[in-house]
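**Q** Residue numbers (the numbering used here), protein chains in the order written: chain B, 1 to 148; chain A, 1 to 177.
Heads up, some of the hints might be wrong.
Unchecked claim - Derived BS3-like pairs (lysine-lysine); straight-line CA-CA distance at most 30 Å:
#: 1; chain 1: A; residue 1: K128; chain 2: B; residue 2: K84
#: 2; chain 1: B; residue 1: K51; chain 2: A; residue 2: K55
#: 3; chain 1: B; residue 1: K84; chain 2: A; residue 2: K111
#: 4; chain 1: B; residue 1: K104; chain 2: A; residue 2: K111
#: 5; chain 1: A; residue 1: K111; chain 2: B; residue 2: K51
#: 6; chain 1: B; residue 1: K84; chain 2: B; residue 2: K51
#: 7; chain 1: A; residue 1: K55; chain 2: A; residue 2: K111
#: 8; chain 1: B; residue 1: K108; chain 2: A; residue 2: K128
#: 9; chain 1: B; residue 1: K108; chain 2: A; residue 2: K95
In short, the hints are calculated from the structure, not lab data. If you're wondering where the values come from, they're calculated on a predicted model, not measured in any experiment.
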Amino acid sequence: MASAQLHWEEVRVGDELEGFTLEITPRRLFLQVSGSQDWYPLHFDPAFARKAGHSDLFVNTGFLQAALVRVITDWMGDDGFLRKLRFEMRRQQRQGDTMVCRGKVAAKHERDGDGIVEIEVWAENEREGVTTPGMATVALPRRSGGPG
Amino acid sequence: MAEQYDIAAVREKYIGFETATARGRYLVEYDAIRRHCHMVDDNNPLFLDPDYARKTAHESVICPPSGWLALYFASLGPWPAVFEPLFPIVPTPGKRIVNMSQEVEWSTRIKAGDHLSVRRRIADVYQKAVSLDAEAVWIVAEATISNQRDETVCVIRNTMLTHRTPDEQEQATGNKR
Chain B
1 MASAQLHWEE VRVGDELEGF TLEITPRRLF LQVSGSQDWY PLHFDPAFAR KAGHSDLFVN
61 TGFLQAALVR VITDWMGDDG FLRKLRFEMR RQQRQGDTMV CRGKVAAKHE RDGDGIVEIE
121 VWAENEREGV TTPGMATVAL PRRSGGPG
Chain A
1 MAEQYDIAAV REKYIGFETA TARGRYLVEY DAIRRHCHMV DDNNPLFLDP DYARKTAHES
61 VICPPSGWLA LYFASLGPWP AVFEPLFPIV PTPGKRIVNM SQEVEWSTRI KAGDHLSVRR
121 RIADVYQKAV SLDAEAVWIV AEATISNQRD ETVCVIRNTM LTHRTPDEQE QATGNKR
């Protein structure tokens, strides 16, 4: 859904980004392959994953990135601009997990007239806790109409 | 007897290696964006609805700011799919891959109809033990994505772990005895 445009002045440090929850079902794993076009069997073939030494298959980087990006783009609105995203695959999201994606405003500042917000963003599940921590830098439009 | 892996020689030969710029076969297209959005239930009309997007300041459907998707349009789109052309370039003891982290810095948005290119560079190669494999090799690869106006769209920095399977490790241990 399109959201009302968020402005830099409205953001407070500590604000939470609502995020969302996804069940990692077999259907979701098929959507993962379709949506990422990642044909590496580690992410859809349990036997391949186990032979490699993993307990089971797990979702891929493209899927996790799409989820973290969605947390941010749902929040920042059409005119926000994601300048930077860094995230780490520390633990796994596996079939049967409920993946919860959230975010939190860590800092805000101005840089060369732009309204900048630093965001902690992550994916977690009940089995592992935070699996995929990340940090994002977003430029938001200003109420004064200045550059976002 | 198994050949000894020489990480120093690999580092010397491959760090800084750069590919020529390669252009994606297809333009940035609606349906690949739709599939990408739908895998995480992203229903943002700026990414999915041309009528909605036309009325925004961007005047076009925007590609979600995912480095993965940018790389797909720049290089991975053509069939048969190529997962990661850099891996065959850097020799590693194991061929199994796990992506450990990614960093994407964006300079401009990607719009439907853009034509993307990629230039790849190996930024680092090193050996660091992990529970999966004591001789795991890590590769840091950079991909610079540009558009049809030769503007840099984003720079993607991936840190990937390559490792051997338990069977391969057992075999290597046996070979050393």
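**Q** Now tell me, hint by hint, if it's right for this structure.
**A** Outcome of the hint check:
no. : hint            : verdict
1   : A/K128 x B/K84  : 27 Å, holds
2   : B/K51 x A/K55   : 51 Å, violated
3   : B/K84 x A/K111  : 18 Å, holds
4   : B/K104 x A/K111 : 28 Å, holds
5   : A/K111 x B/K51  : 41 Å, violated
6   : B/K84 x B/K51   : 35 Å, violated
7   : A/K55 x A/K111  : 14 Å, holds
8   : B/K108 x A/K128 : 36 Å, violated
9   : B/K108 x A/K95  : 43 Å, violated
Of the numbered hints listed earlier, those contradicted by the structure are 2, 5, 6, 8, 9.
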